[in-house]
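**Student:** Based on the sequences and whatever the hints tell you, model everything.
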Amino acid sequence: MTNHWVDIKNADLIFVMGGNPAEAHPCGFKWAIEAKKNRKAKLVVVDPRFNRTASVADFYAPVRPGSDIAFLGGVINYLLTNDKIHHEYVKAYTNASFLINEGFSLEDGIFTGYNEEKRSYDKANWSYQMGEDGFVKVDQTLQDPRCAFQLLKTHYSRYTPEMVAKVCGTPKEAFLKVCEYIAETAAPDRTMTSLYALGWTEHSVGSQNIRCMAIIQLLLGNMGMAGGGINALRGHANVQGITDFALYAQNLPGYLAVPSDAEPDLKTFLDKKTPKLLRPGQMNFGQNLSKWYVSLHKAWWGDAATKENGFAYDFMPKLAGASDVLSIFDQMYQGKINGFFCQGFNPLASVANKKKVGDALAKLKYMVVIDPLATDTSEFWKPHGEFNEVNPAEIQTEVFRLPTTLFAETTGSFTNSGRVIQWRWKAVEGPGDAKDDTEILAGLFLRLKEMYAKDGGAYAEPIQKLTWAYRIPGKPSPEELMMEYNGKALADVTDPKDPTKVLVKAGDQLPSFAMLRDDGSTTCGNWIYCGVWSQAGNNSARRDNSDPSGLGQTLNWGFAWPVNRRILYNRASADLAGKPWDAKRTVLKWLGDKWGGNDIPDMRPDAAPEQNVMPFIMTGEGVGRLFSLGLMNEGPFPEHYEPFETPLDANPMHPNNPKALSNPAARVYKGDMEAFGKAKDFPYVATTYRLTEHFHYWTKQSRINAIMQPEQFVEIGEELAKEKGIVAGDKVKIRSNRGFIKGVAVVTKRIKALDVDGKKVHTVGIPIHYGFKGATKPGFITNTLTPFVGDANTQTPEYKAFLVNIEKA
Amino acid sequence: MALQSLDIKQRSATTTPSTQVRETIEIAKLIDVSACIGCKACQVACSEWNDIRDEVGNCHGVYDNPMDLTAKSWTVMRFTEVEQNNKLEWLIRKDGCMHCADPGCLKACPSPGAIIQYSNGIVDFHQENCIGCGYCVTGCPFNVPRISKEDSKAYKCSLCSDRVAVNQAPACVKACPTGAIQFGSKEDMKDYAAKRVADLKERGYDQAGLYDPQGVGGTHVMYVLHHADKPDLYAGLPANPSISPLVALWKGFAKPLATLALAGVALGSLFHYVTKGPNEVSKETEDEIEREDKEEAK
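Going line by line, the protein sequences match chains A and B.
Under the numbering used here, the letters of the first sequence match residues -4 to 804, in that order.
Under the numbering used here, the letters of the second sequence match residues 15 to 312, in that order.
It should be emphasised that the hints constitute simulated quantities derived from the structure, not laboratory data.
One thing to keep in mind: the hints can contain errors.
[As the list claims (entries may be wrong)] Heads up, simulated BS3-like pairs for lysine-lysine below, C-alpha to C-alpha not over 27 Å straight-line:
1. A:K37 - B:K204
2. B:K86 - A:K772
3. B:K86 - B:K204
4. A:K421 - A:K492
5. B:K101 - A:K717
6. A:K271 - A:K132
7. A:K37 - B:K215
8. A:K161 - A:K172
9. A:K32 - B:K209
10. B:K244 - A:K747
[Said to hold, decoys possible] Beyond 12 Å from chain A on every Cβ pair, some chain B residues (computed):
11. T29
12. D78
13. E142
Positions of the beta carbon are idealized from the N, C-alpha and C atoms, including for glycine.
**Tutor:** Right, dumping it as structure tokens:
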């Protein structure tokens, strides 16, 4: 979230697309209801299904799964052609005026630089025109045909309401009604909050779905505003936390890049990864990368990380290639992986194409499952009737189950979607032999270290020299770990302007990442968490909910990263002179000598408005990007591509270019392209999702959740049900090209057949949650059906749009 | 002896006067259907607070589960899909005891002290006094009480009288994530409802209103409905609920009887026999009881 949960109550329009918060985030959704009750806010839902969120919405519009970019592209076009944008904001705070390289263009759905064989782009021309002064050339009039604004206009001019209806199946009137709601928030004192979740990410174009909304919110001037922003609703109490701590192998804690073999030493790495200043006078905050990175190495390797050895740069494992979940299971499937530590993860159930995942697990020598529950994955080898047809005699994988404590049985912290880190205390002791995850990992590490010491081994140094200064080495405490993430001064940290002035004494916990140094005098396990445990103590344990702002900012409740800032880009909540766009919802304002208001400024505190330091401090240009340069793998502007399994023969926007049918930059593994089904065999669009009664694949093990929603079901519209002779309560069989599942038919008015490109498209809705282990009725694993292909940037699988057939079981 | 905060207003099959000295506030639970997302947190909270766990059932082709109220499910969400003026609506109503001011169950109950109405408005079943006759089921205009097959006692929502007695909101209210379930004095709840109704009217629900049916003297569980003119849309919520005339008749004869308690005991075995069959009391039995009553009255 750029904003936070409570801030939703400040919105004028709550726009929900790509998520179903009433279903999946009922507790946070209360703030949407608050906005409706107390601000007369409107709630608009766009979704393939009339869902629980839609049940309390002011307006609902249907959309075909996998056509979100066409819809949102249509919104962009509407805003531009009807002049419903926040002009002053767009001109000053976005790269609308920036001139783009002449070599960049889009031809029939493919951007310049495409290499079909490699399914990737050479992005050299997706760049700015640079002036002789070393900065990007701009045209403040926004009239230059090569400025980002004009290119944006041209790009989305094709996304007419008619085209939206054709691609999305959304009736034109419904689409225009949604546009009207959104357009109202172009007024400087009106805001829209965008709430989304996996309904946008779990597509082969997932990241670009979100990019569309970034463009919309920039055009409307809703970024940085109270009640605005782009708000990713994370699926688990602490999924923000694990992402912050390098859930993705291509990131180090705090979203630092992982070095690769292409960067043989620290200097090369830092030179390559440190962003360049693109406009004069901007903060380009990313220029501090060396301080964050070196402090991370100091946290991990302490005295062994010296200036002379590049702060133990060689100790950091170098990324060998893709290490996302699809790539790991593909490598496992190819027999390239021997052992698998599976911690808090049930991949047999949660990764796409269960058959491929099961076959991959069968090729392991061993698997260690570290989990509080006996997961389906831990029994992938065991026959469970038709739900899991395997032959244990053919599987040699040795499986170890190490029981862990659950969240309520440990002390630690959760980081919620709003980036608020909140300490929590153990409620009960874990059962039986269950141990905390940290204890299990510490035990493994200490034994490995001992084995290296005794028997030697290849490159033992990074392990031997890893900092392990915990009071009980086998049981690092959550408090010690949090202090380590925060970091401390190893030597006195002095003011760069006045070296005689000591800012932090040697040995003290650091108050903020502004104190981090790249000379080895500071440690920090995760730079964005710096400040969470300062000399003042554990700030994440603060529970003062006083809110003088009335906006729900509660700056003394927990600790939000970064530096306790609650709304990111909050400088953009005020105009160029530093006056809030909406004084009633002041987030930040210029006080004459510094920035103040109701949040921690996302700005140098003494940067006077006339210095023109722009609000998007993490970019080298200081502004938000309508044109995203080479940062996205499939293009600087989102373009509609069909899901890899599409009910259509061609991309309606590029009917004559088969290359532009589906995401041209998405990675497809050998064998997986063949496993995609075709519309003639699998005529219905399927989408998978969660139910409020369950949490992922956990709560099927809990009786009370099982009582509330006991059995796998499948939702279909009345028309399709009639065609197929299916009535509510019938058992049905759903097949994709990868397998089948069975479930009980829920026949509903809430899913309608859509008219897409002249073709009637039915959607089949399939909840996940069920499996062969648990208190719920034993069932199939929904991901038996889903395709093994992901987004071109994140590799998140396309769980939300694929093809199936359905029949009475 | 009841807690002071649970002063008793009336008891089933009892004619001795109830306490009248203290003044307590009339409370109510308000269910704002327009803010309910059907998450079933109330169902879970109810099960947990009251230590009841229903069977793990099956999916019956709808979102509802458990499918109906049972002796172990005192509240259930009922989902209804309706199309009104070309607009689809998914109406989700939390069903359970309405805690009528004029409770048909209590009137029908022949067992002394099995059903209690507190002066705060809560209608509570005291299962230790229940003879399992099922009269409360017949007496209820909302079809709420359920007889347990395990112990032949009647069960339903107690409005968490134990929590309310110590100044806590009912478990469902506490668990509701969106504030769709509110709790307080009946007066305050009516004020709150008026605000919600005004908001709904502004959003185009011209017939929005409060459901507090006067046929049962008003209720201590009330609804804010988008379509107060058509409560039937909400999984058959009765438009004009009233106590069955049969119960009124039975009650009418019974009322002057100081000996009703004795009669109850005398009839006990008969009632017990009845409940071994279907939970509904048959018309024949009903008539028979009435005949006996009449005779006794002479």
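**Student:** Could you check that no beta carbon of chain A comes within 12 Å of the beta carbon of D78 of chain B?
**Tutor:** The claim breaks: D78 of chain B does not keep its Cβ more than 12 Å from every Cβ of chain A (closest is about 10 Å).
**Student:** Would you check the hint for K37 of chain A and K215 of chain B, treating anything up to 27 Å between C-alpha atoms as holding?
**Tutor:** holds (14 Å)
**Student:** Next pair to validate is K86 of chain B with K772 of chain A; report whether the Cα-Cα distance is within 27 Å.
**Tutor:** holds (19 Å)
**Student:** Is it true that the CA of K271 of chain A sits at most 27 Å from the CA of K132 of chain A?
**Tutor:** holds (15 Å)
**Student:** Against the 27 Å threshold, does the CA-CA distance of K37 of chain A and K204 of chain B hold or violate the hint?
**Tutor:** holds (24 Å)
**Student:** Is the Cα-Cα distance between K32 of chain A and K209 of chain B 27 Å or less?
**Tutor:** holds (9 Å)
**Student:** Is the hinted pair K161 of chain A and K172 of chain A satisfied, with a Cα-Cα distance of at most 27 Å?
**Tutor:** Cα-Cα ~17 Å, so holds.
**Student:** Hinted pair, alpha-carbon criterion (27 Å max): K101 of chain B, K717 of chain A. Please report holds or violated.
**Tutor:** Given that 27 Å is the threshold and the Cα spacing comes to 21 Å, the pair holds.
**Student:** Run the distance test for K421 of chain A versus K492 of chain A: straight-line Cα separation, threshold 27 Å.
**Tutor:** It is violated: about 45 Å lies between the C-alpha atoms, which goes past 27 Å.
**Student:** Against chain A, does E142 of chain B hold up as non-interface, every C-beta pair farther apart than 12 Å?
**Tutor:** holds (27 Å)
**Student:** For T29 of chain B, which was marked as not at the interface, is the minimum beta-carbon distance to chain A over 12 Å?
**Tutor:** T29 of chain B is indeed farther than 12 Å from all Cβ atoms of chain A, at 42 Å.
**Student:** For a C-alpha distance cap of 27 Å, please report whether K86 of chain B and K204 of chain B respect it.
**Tutor:** violated (30 Å)
Hint compliance for this structure: hints 3, 4, 12 are broken, all remaining hints hold.
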